[in-house]
Amino acid sequence: MKIDKDSQEFIESMGLVFQDDGLPRIAGRILGFLTIRTEPHSLQELAECLEVSRASISTNTRLLEQFGMIERVAKSGDRQGFYQLAQDAFPNVLHGAIQRMTKARQIILKAGERIPRKSALAKKNLEDMARFYDITIDGMDAILKKYAGS
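Mapping to numbering that gives the first Met the number 0: the sequence shown position 85 is 84, numbers consecutive.
What follows is a list of derived Cβ distance ranges for each label pair:
#, residue 1, residue 2, range
1, Ala119, Gly80, 53 to 59 angstroms
2, Phe131, Val92, 18 to 24 angstroms
3, Phe89, Glu47, 22 to 28 angstroms
Taking lysine-lysine and the DSBU-like style, the derived pairs with C-alpha atoms no more than 30 angstroms apart in a straight line are:
#, residue 1, residue 2
4, Lys123, Lys109
5, Lys123, Lys102
6, Lys144, Lys102
7, Lys117, Lys102
8, Lys122, Lys102
9, Lys145, Lys102
10, Lys122, Lys109
11, Lys1, Lys74
Keep in mind that the hints were calculated from the coordinates and are not lab data.
Keep in mind the model is a prediction, meaning the values are calculated, not measured.
Even glycine gets a Cβ: it sits at the ideal position worked out from N, Cα and C.
With the hints as extra help, turn the sequences into a complete structure.
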């Protein structure tokens, strides 16, 4: 399956965006590919189109599935899995981030209760961290509401 120059540029750019965020470059390339090639693709097809090993494709599709960005689908009469961009892929990323931040906030609050009173600076640091998470979670919730209303 031939990829045109403009599509290739987008796919590669998405890889670099992911890499800049500390994520695997191939995960970004897979996401870029599935964003513009909307039909489901097998691991083998992804490996061939992106010129990457099937093992790397497998590892990174699992990562993207965990983020809720892609989903595995079945094709009638075919035993292998196929992947496509998930419905609500982009809000799913924020939902996952909110869940992780909420968990982190709970850990921070629990630590704040256990830190000895004589550690005033540590307690203040934990309070600042919890406040940061509160504000960030509220902001992400607002973004999701705005996105849903658009």
